[in-house]
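So you can see what is in the structure, the chains are spelled out below.
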Amino acid sequence: MAAPNITILWNSTSNDVANSGGAAGDANWKVFDTVNDQIGFLGSGTDDQDPTSGKDVFVIPEAGNQEVPKQFINDYSESKWDRVWLAGSNADQGGGGNYRFAYGAYLDGTTASAPVLQAWDSTTHTTSNLAVLGGGTPADSMLRAVNTRAAAPGDEWAGTPLAGDGGSNTIALDTTAIIAPEMVYWNMRLLIPSSASPFASNPILSIYMTYA
Amino acid sequence: MYDKIYKVTFESGEEFIGGNLEFPGWNKCVSEGIISIEVPLPYGETLKLSGYEKYNFFIGAIKNLNDGKTTISHMFALGCTGSEVTSYRITILSDKQHKYRLGDITVRKFPFGKEGIGRTSTTGWKQGIPK
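Quick note, the sequences are listed as chains W and V, same order.
Under my numbering, the first residue of the first sequence is numbered 1, with each subsequent residue one higher.
Under my numbering, the first residue of the second sequence is numbered 1001, with each subsequent residue one higher.
Hints in this document: simulated from the structure, not taken from any laboratory.
Keep in mind that the hints are not guaranteed to be accurate.
DSS-like cross-link-like pairs, simulated, lysine-lysine; straight-line CA separation at most 30 angstroms [as the list claims (entries may be wrong)]:
hint: 1; chain 1: V; residue 1: Lys1131; chain 2: V; residue 2: Lys1069
hint: 2; chain 1: V; residue 1: Lys1099; chain 2: V; residue 2: Lys1131
hint: 3; chain 1: W; residue 1: Lys55; chain 2: V; residue 2: Lys1114
hint: 4; chain 1: V; residue 1: Lys1131; chain 2: V; residue 2: Lys1007
hint: 5; chain 1: V; residue 1: Lys1109; chain 2: V; residue 2: Lys1007
hint: 6; chain 1: V; residue 1: Lys1069; chain 2: W; residue 2: Lys80
Since the model is a prediction, treat every value here as computed from it, not as a measurement.
Produce the entire structure from the sequences given, and follow the hints as far as they go.
This is the structure:
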C-alpha cells in the first residue's frame, strides 16, 4: 500500500457531529487548505465570519493559567476568520467544552500503525523549542490536544502538551492502525501561563503516519 | 537504495523483493516461512533480521498541516519473538539539522502491541521460522 492521502478539516459550526462527507467535507465540515489557511488562537474581540475583523490579541494573565478563548481558521478562499466553535476546553476560562468534533483528518487509505499528531518549530521537524511549545521543555508546551475519535473529552479537559515526537508529547489519533478509509478527530487548546512573555508564533502541526 | 528496499528470504529458498519508499509492497509478501529480512543501507551495508517468530516492515512519513507536504522520514524493520518486539528504525532524511543522519539505525524493544508510533499496535505481521 502507498501512503494514504490526508485531508485536514475543521467543523465550522456549533453542531457537535461527525463529518459525513469524507475528504470533501459536508455542511458542517470544511476542508483546510494546507497551503493558504491557518489556525489562529485569538482574543475575544476577533469576529466570526467578518472579513473586516482584525486579529484581537490575547492578554497574558496576571496569575495562573488561562486558555486563549477563541480558535479560528483564517479561511484564505473567503478572506475571513471562521471560528472553530467547538474548539478548546471549558477549563481555565476557555471557550470550549465537552466537544468531540472540532478538528479532523480524513485518511483515504490504510496505515501500519495509528497516525500521530505532533508539533514542531518548523517543517524540518528537528526542534520544538519555541516558547509556545515549552521552550525546550515539552511538558510545558502551551499547545494541548486530545484525541476525540472515540469519545468526547469531558467539559474541562486538560489535553496533552504537544512538542516534538516524544511519546508523552504527541497524541495518537486512533488506538490502532487505520484499516479502512476513515476520519480521525481531535480537539486543541492553547493554555497561556502568567510567566509567558508576549509572542506571536507559528509552530508546525504534523501528522506522522506509517504505511507498508 | 530507494528501490528494492528490502529482501525477504523464505525457508523454501525463494525470495521476495520489496518495492520502493512510496510503494513498499509488504502487503504482497507471503506470510509464512520467513527466515530473514535484509534491508540495504545507504552506505552499502545491509541490516539483516533473522531468527524471529514474526516480522514486520513499514515506512514512516510526516505530513505538515501548514504546507501539505509529506516527507518520508524512516524505514522500520521489526522482529518479534514471544511478546517482545525489536524495532530497527532506519533514518531516511539527510539533513544536518537532524539528530539522526541518513542511515542511522535506532534499535528499540517494545511489548508486542505497543511497537507502533504512539505506542499502539501495528498491522502487517508475517510468520517467520524461529531459530
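Consistency of the hints with the structure:
no. : hint                   : in the structure
1   : V/Lys1131 to V/Lys1069 : violated, 43 angstroms
2   : V/Lys1099 to V/Lys1131 : violated, 35 angstroms
3   : W/Lys55 to V/Lys1114   : violated, 43 angstroms
4   : V/Lys1131 to V/Lys1007 : holds, 19 angstroms
5   : V/Lys1109 to V/Lys1007 : holds, 23 angstroms
6   : V/Lys1069 to W/Lys80   : holds, 24 angstroms
This entry does not satisfy hints 1, 2, 3, going by the numbered hints stated previously.
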